[in-house]
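Q: Chains as they are written, first to last, in the working numbering: chain A, 1 to 95; chain G, 96 to 190; chain P, 191 to 285; chain V, 286 to 380; chain C, 381 to 475; chain Z, 476 to 570; chain S, 571 to 665.
It is worth saying that the hints were derived from the structure and are not from the lab. Note that this is a predicted model, so its numbers are computed, not measured. Incorrect hints may have been included.
Unchecked claim - Computed footprint of chain C on chain P; a stretch qualifies when at least three of its residues, placed anywhere within it, have a C-beta under 8 Å from a C-beta of chain C: (1) 198-212; (2) 274-282.
As the list claims (entries may be wrong) - Non-contacting residues of chain C with respect to chain P, defined by C-beta distances greater than 10 Å in every case (computed): (3) Arg390; (4) Lys393; (5) Leu399; (6) Leu426; (7) Asp430; (8) Ala431; (9) Thr433; (10) Ser435; (11) Tyr447; (12) Glu451; (13) Leu457; (14) Ala460; (15) Asp465; (16) Val468.
We put the CB at the ideal spot given by N, CA and C, even for glycine.
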Amino acid sequence: MKDSDSYPPRLTKVVLDVLKTHIPSLIEFSNEISKVEGVSKVEAELVEVDAETDSIKLVIEGEGIDYEELEKTIKRLGAAIHSIDQVVVEKVKKR
Amino acid sequence: MKDSDSYPPRLTKVVLDVLKTHIPSLIEFSNEISKVEGVSKVEAELVEVDAETDSIKLVIEGEGIDYEELEKTIKRLGAAIHSIDQVVVEKVKKR
Amino acid sequence: MKDSDSYPPRLTKVVLDVLKTHIPSLIEFSNEISKVEGVSKVEAELVEVDAETDSIKLVIEGEGIDYEELEKTIKRLGAAIHSIDQVVVEKVKKR
Amino acid sequence: MKDSDSYPPRLTKVVLDVLKTHIPSLIEFSNEISKVEGVSKVEAELVEVDAETDSIKLVIEGEGIDYEELEKTIKRLGAAIHSIDQVVVEKVKKR
Amino acid sequence: MKDSDSYPPRLTKVVLDVLKTHIPSLIEFSNEISKVEGVSKVEAELVEVDAETDSIKLVIEGEGIDYEELEKTIKRLGAAIHSIDQVVVEKVKKR
Amino acid sequence: MKDSDSYPPRLTKVVLDVLKTHIPSLIEFSNEISKVEGVSKVEAELVEVDAETDSIKLVIEGEGIDYEELEKTIKRLGAAIHSIDQVVVEKVKKR
Amino acid sequence: MKDSDSYPPRLTKVVLDVLKTHIPSLIEFSNEISKVEGVSKVEAELVEVDAETDSIKLVIEGEGIDYEELEKTIKRLGAAIHSIDQVVVEKVKKR
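Looking at chain A on its own, in the form it has when it is part of the complex (with noise of 0.2 Å):
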């Protein structure tokens, strides 16, 4: 096995387009999101309002993110993931 001196792939960076209800906030919506375990930054942005709910892009980074408690959260909070537009999985080679 010449790759046995890989580290396990990791989940470092996923894009998700995101439908929220207006409340709770980006703000606080942000701040729960980011602490899901292996979540280091979350850049929520506004891509569209309307009456009911909000369009926002969730860029999440971080080494290795727990992507099933991710998901888990954004249900909790009440939104919706309408797609996964990027991911970025590595696998780096001990050093």
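Fit chains G, P, V, C, Z and S to the given chain A structure using the hints.
A: Showing chains G, P, V, C, Z and S alone in chain A's frame:
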């Protein structure tokens, strides 16, 4: 708890679409905003000028911005937050 | 042989236009691709969503990517390579 | 007072839309502006030329620009501030 | 001779517009090109796909690329140089 | 005088829109301009060619450009300053 | 003479719009140009191909390019300078 060695999430950037009256001037307005706890830089850009009001884009950066104090300061200056356009929350591991 | 002091050519980047079914998700798909010998980073971007399939752009980077194993992995995941859009091969002199 | 270890807010950049007469020239005008307390750099760009006046964009940078003195200097040179287009205020923590 | 202390001119970059058959694949094609004397990097980009042929843009970098060998290799692979789009020749002074 | 420890303002960049005759050539013209006191770099770009004249954009950089000498040199070369398009004046604190 | 401690002005960049015959090839043409005194880099880009001629953009960089020799070399290669599109002259202070 794997993440017990992390800092709590901190608000490091907010971009706001704000409607303000002509007075106070953009200079005084930015100066007041910069006094909010946790703010280190305020960038205010004039977007549109109307008869009574100015539409401005406020880019606020810092290390743990106190968003409640920020909201109160904006209201006290006779301005209104039209929308929260971008939010960045960071959770940096202790070194 | 002047070039006898060079490394053999190594595939360091491939950009693929891939058609995949909705399942596995982009997260699981990227994770599997990243396990291919010689791959160090996988960036998957959603380009178009259709009823049955997703068009994705796969940017794969590494130090000597095993292209045969990559092809097999993509087929095993029920996806098809529509086109090879970019290839980078590097031959670095020994220092 | 958590922020007691911070510098007071300082005006570090102002972008002004200014209407000036053809005389003094842009060279002399910029030279005078650069003498204002706290200014370290003046960049003046010609935007529009009319029969009697020039529309210019003034980008003024410094460490604590004295805005009152700046305003007075511009008036003394026979020019008028049409609008304040950008303001940057910084509050840097003591090291 | 003031320039007697200079290296002879060396071809360090060539950009070619090439027409190739579908087989060999872009991976194999780039691999063969990278074996040419003096080549250190080959970047091949798919520009247009036709029934029988592929239009590709080849960016070849190196330290003294052997252009004659490059031409022969391209012909041997059943491809044709449609045009030489960019050339960089460098003459570096000895240090 | 708080600023008594500053350098006097110095002209560090001027962008001019200049109309010149075909002779002297852009090479000779730029060479003459570069001899002006305080100039360290002259970049001349051909903007438009007419029957008798060339429209050029002159970007002049230096440490304290002598603008009067610059104006005289341009006139002596049979050219005319159509407009001053950008001016940068810097006042750097002594270290 | 305040500037007595400066280098004489040196031509460090010229951008030429050149019309050449198909032969010599862009590779040979660039190689010959690079041999001109003071030239360290030649970048030739194909702009337009006509029945008898090629329109090329030549970007020549160096430390004191001998422009007369450059002109002669271009003529000797059967090509014509259509226009001088950019010139950079530098005068660097001795250190």
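Q: For each hint, tell me whether it holds in the structure or not.
A: For each hint, the structure was consulted:
Under a criterion of three residues with beta carbons nearer than 8 Å to beta carbons of chain C, the stated coverage of the region 198-212 of chain P is upheld, 3 such residues being counted. Taking a C-beta to C-beta cut-off of 8 Å, the region 274-282 of chain P contributes 9 residues in contact with chain C, enough for the three needed, and the coverage statement holds. The beta carbon of C/Arg390 sits about 13 Å from the closest Cβ of chain P, which is more than 10 Å, so the claim that it is off the interface holds. With a closest Cβ-Cβ approach of about 15 Å to chain P, C/Lys393 is found to remain outside the 10 Å limit, as its non-interface label requires.
Against chain P, the non-interface label of C/Leu399 holds: every CB pair exceeds 10 Å, the least being about 16 Å. A beta-carbon of chain P is positioned within 10 Å of the beta-carbon of C/Leu426; the least distance is around 5 Å. A cut-off of 10 Å between C-beta atoms confirms that C/Asp430 is not in contact with chain P; the least separation is 13 Å. At roughly 14 Å from the closest C-beta of chain P, the C-beta of C/Ala431 stays outside 10 Å, upholding its exclusion from the interface.
Listed as a non-interface residue, C/Thr433 keeps its Cβ farther than 10 Å from every Cβ of chain P; the least gap is roughly 14 Å. Against chain P, the non-interface label of C/Ser435 holds: every CB pair exceeds 10 Å, the least being about 12 Å. For C/Tyr447, the non-interface assignment is confirmed: its Cβ lies about 15 Å from the closest Cβ of chain P, beyond the 10 Å cut-off. Consistency note on C/Glu451: stated as away from chain P, and its beta-carbon is indeed over 10 Å from all of that chain's, at 18 Å minimum.
C/Leu457, annotated as away from the interface, keeps every beta carbon of chain P farther than 10 Å; the closest lies near 14 Å. Here C/Ala460 stays apart from chain P, with its beta-carbon at least about 19 Å from theirs, past the 10 Å limit. The beta carbon of C/Asp465 is kept farther than 10 Å from every beta carbon of chain P, the shortest such distance being approximately 17 Å. Separation of C/Val468 from chain P is adequate, the least Cβ-Cβ distance of about 18 Å exceeding the 10 Å criterion.
Hint 6 from the earlier list is the only one contradicted by this structure; the remaining hints agree with it.
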